[in-house]
Each structure stands twice: as C-alpha cells, then as structure tokens.
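There are 2 protein chains.
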Amino acid sequence: MVEQLFHPKPGSKVRLSNFDPSDRGDYDRSKADDEEDALEQKLASLQERLYAEGKQALLVVLQAMDAGGKDGTIKHVFDRVNPQGVRVTSFKAPTPEELAHDFLWRVHKQVPAKGYIGIFNRSHYEDVLVVRVNDLVPRDVWEARYRHINQFEHLLADSGVRILKFFLHISKDEQKERFQERLEKPDKHWKFSTGDLPVREKWDDYMRAYEDVLSRCNTDYAPWYIVPANRKWYRNLIVTRTIVEALESMNPQYPPAEPDLDKVVIPD
Amino acid sequence: MVEQLFHPKPGSKVRLSNFDPSDRGDYDRSKADDEEDALEQKLASLQERLYAEGKQALLVVLQAMDAGGKDGTIKHVFDRVNPQGVRVTSFKAPTPEELAHDFLWRVHKQVPAKGYIGIFNRSHYEDVLVVRVNDLVPRDVWEARYRHINQFEHLLADSGVRILKFFLHISKDEQKERFQERLEKPDKHWKFSTGDLPVREKWDDYMRAYEDVLSRCNTDYAPWYIVPANRKWYRNLIVTRTIVEALESMNPQYPPAEPDLDKVVIPD
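Line by line, the protein sequences are chains D and Z. Reminder that position 172 of the first sequence reads as 172 in our numbering, one-by-one numbering, no gaps. Reminder that position 212 of the second sequence reads as 212 in our numbering, one-by-one numbering, no gaps.
These are calculated hints, taken from the structure and not from any lab test. Some clues are possibly wrong.
Same chains, same names: a pair is fine if it fits in one copy or spans any two.
[Unchecked claim] Calculated lysine-lysine pairs in the DSS-like style (CA-CA distance at most 25 Å, straight line):
hint	residue 1	residue 2
1	Lys55	Lys202
2	Lys75	Lys114
3	Lys109	Lys92
4	Lys202	Lys114
5	Lys263	Lys202
6	Lys109	Lys31
7	Lys55	Lys185
8	Lys232	Lys42
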C-alpha cells in the first residue's frame, strides 16, 4: 500500500524536510517502468468500469512548485486512458468574473461528474499558496480558507467524489536543473517564463505555506500524498499506483443489464 | 490525401448509397495497423505543438448511428494524446435549461479554446437529425437550422478553429451485429438500450436526414468526411489520417523564446 509511506497521518504536523524528494524506495528505472506499464493498463480498464458504472467520480489534485512535473505527470500517468472519461482543468490566474465570486466558485464548476476522472492542474490550493505568500488578500481571509476547503472537500466526498491530492515534491536544486533545461532546449523555451524566477526566490515561504496546506487540509476524506518527484519515473509510479489502489477500492461495476435483455431480438 | 476520397465536393448532393461502408481501400489489417501506429505518434507530437503555440484550435465532430463507433474512435484515435490538451464533450438529450435557449447555446460553450483539440461526441447536428426524424420541432424551425449551423461554423473557422466533421458510416447489417454483440457480452450490456431499437426502425429516415446534413452543411470551412466504418481499423485509420493532415497544414509552432533568454541565469 502506498498509503503509509507518502500519506502523512491526518492531523499531524508535516515537515517537508522529513520527506526526501530524491527517494526512490527500492526501485531502479527498469523495475519501475515494468510496474508502471502494468499499472497503466489496470488504470485504463478501471476507468472504463468507472465510466460505465456512472455512480462515482475521482478527483485528482496536482500541486507543485514550477517545473515540479504537473504537466508531465498528467501526460504520462493518463496517456493510455480514454480521453472521453477524463477532464483536465488547468487553473490560471483568476479572471475578473472569477474574482468577483468566492474562491471556490470557479473550482466547484469543474468538479468531475459521476463516471468521470477530473484532474486539477493547480487548484483551490493556490488560494492559500501564491495568494498567501504574496499577501494578495488579508491574513484573516486566507486563514479562513483552510476551513472552507475542508468543508468543500467534505461535501464532495459525501457526494460520491473520491479525492486524491498530490504534492509533487522536488528540491530547489532539481528545479534549477529543470529551468536550465528549459533555457537550453528550443522546444522547451515556451515553458520558461522569467516570471518564474521571483517565485523561486520565495522558495522557503512557499515551503512553509505548503507545510500548512499539508498539515491542515490532510483529511481522511481528502488525503494529501507527498510524492518524491526529483525522479520523474518514480513520481509517475507513485501517482499511478495511488490512483489505481483508490479505484480498486472504489470497485466500480458494469451496470446490470436491462431486464429481459436475453429475450431481445434485433430486427433486420 | 484523404480529401478527395471521403470528402464530397462542397455543394454537391450526397447519396449515401454511393459510399460503401465496407470499403477498405487497398488496406489489410496489418498494413493499416502499422500506418495507424505511425500516425498516432505524429498526432501526439502535433498536439503538443498546437498546445504550446496556443493560437489555433481543432474541433472534431463525430456523428453516427447507434453502435457506429463514436466512442471507439475517440478511445483509439486519441489514446496517445496528452489528455491535458483534449476535451471531449458528449451531447445528450438537452436539459430544460438548454432547451430554454437556442440550439447552439450549449454547443458554443464547448468550442475548444486556442491550443486545444475539442471532440464532440454527437453535436448540434442532432438538432437536424433526431429532432427532424421525430418531428420534435416544426419543419420551418429545423429547416432554418442548416443555415444557422453554417453561419455558426463560419464564425468559428474565422476565429482560428479548424473544423473536421466525420460521419462514421456503417451498414444496417453491421449495426445488427454490433447490437447482438452488446447483448451477448456482459461487459457490453451497459451499452445496449432497448431504446435504440425504435431508432433502428427509422433507419431510412435517418439516412435521408444525414444526406441532407452532408449535402447542405458540407463547406470549405467545415468539411464533412464520410468514413467507411464497418471495419473499425479502417475507420480509425481514415479519421486519424485526416486529423493529422489537417494539423500538419495548420503547422503549429513552438512559440519564440522570451527576448534575451540566453542571458538568463538561474540563481541557486
């Protein structure tokens, strides 16, 4: 079970320095790739059953520092899943209309419907991360949001949405290497923005904000997983395995046939 | 080029009896699978460029009779594409809120944003197919819709959305075989609805309605392709190839680097 290793006990105070972003368990690349391959096949077939059943939904939340691997995780973990049953939402800076509502308004609209897997590339957690680090709202406003988030996620969980939240944990050195690669490879230039540098400068502030998220919003009904993400193949393995285990425990079933289906005759 | 073979000349009167749903050109299964494999790799890389560029969108419309292969086409053609850049919309019977608006209102909301591939599993064409065959609105209402559709699609095309419309053409016998398979295989039962049988009974009415769609809404800016779909592997090949050719002609480019990117130094 992934649970124990990467999922801190709900209610416990998380210190990120206790989690090694370079961890790879007892895996090497080739052992991980074999297991990943088998897991992705399972994922594809579990997703088909989830969609056919149409009674439960899965919400996957991805958070990370820039270059932490959110896009790559989506691409690799879900690349064999039927896109018809998956909906990815990338949350950007809020629009004026979104800002004119509470911070969960735009998020609620994107919650996956029954039968679907929803993936949030960034999420409502930005409202207690970037917003907090940059003092975009007063302290008492963002302080209340941890409670708002827990209550919102509880509503979803009570309504048939299984929630899995992943913090893709990279080191500051690893981010530098990945930025460097974006600078050097022409087909990666578009992923580099000089605007990412001031964010990097506030690395320690972000880590503190993440620790609060991982401590205060890590619940039984919406657990956080802290994924060692310096090695992309290990990151993919942990995320895929966690999702597969969750779907297995949701145990979606093909719906029963209509009554008397065996008596149906198709006319010419 | 796929164009000439499966795309009727815009403005011409289409007779479906001139199109053989069992056609497979000069392909056998193994030749088609090899080409499909290469095309799907191209598709994945073209989609990455489309997403990175963020200036153009692709809208793929899929229409077919029940069991015509809409779901299977999406699953197979797009199974290697990054789900982050793809959004599938399945249009069902309209809700009361949707019915309280014009028929394009719910469709317009789902048009893909720049950088995205949008896939419509059924579409606004149902409003001149099922609606017409079953007299759900008066004739003068559905008659006007061909014009509304063309003008709507022209707006999209003028706004950077490339439109490809596929009619997956199966024979009535093939539908019977596929229905039979759904009756026989437990993991396919959920795809069978006895409600599909009255639709099958009106097969000829639907073919006439499709012929009008394919004749009246087949334009330079939003072409229809009539895909021989009795053989799933040939159907997938034609759809994938048409999409790849369209994306190649759209020729998306990675955006230029920010100025002075070569002078950037990433601090520790």
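So, going through the hints one by one against the coordinates:
1. Proximity of lysine 55 to lysine 202 under the C-alpha cut-off of 25 Å is found in neither arrangement, the shortest distances being 43 Å within a copy and 32 Å between copies.
2. Proximity of lysine 75 and lysine 114 under a CA criterion of 25 Å is satisfied in both settings, with 23 Å inside one chain copy and 19 Å between copies.
3. Both within a single protomer and between protomers do lysine 109 and lysine 92 lie at most 25 Å apart by alpha-carbon distance, with minima of 15 Å and 19 Å respectively.
4. Taking CA atoms no more than 25 Å apart as the test, lysine 202 paired with lysine 114 passes in neither setting, with 39 Å inside one copy and 32 Å between copies.
5. Only between protomers do lysine 263 and lysine 202 lie at most 25 Å apart by alpha-carbon distance; the minimum there is 22 Å, versus 68 Å within a single protomer.
6. Taking the shortest Cα distances, lysine 109 and lysine 31 never come within 25 Å of each other, neither inside one copy (40 Å) nor across copies (45 Å).
7. In this assembly of identical chains, lysine 55 and lysine 185 lie within 25 Å of each other by CA distance solely across copies; the values are 21 Å between and 45 Å within a copy.
8. For the identical chains of this complex, lysine 232 and lysine 42 are neighbours both inside a copy (20 Å) and across copies (24 Å), given an alpha-carbon limit of 25 Å.
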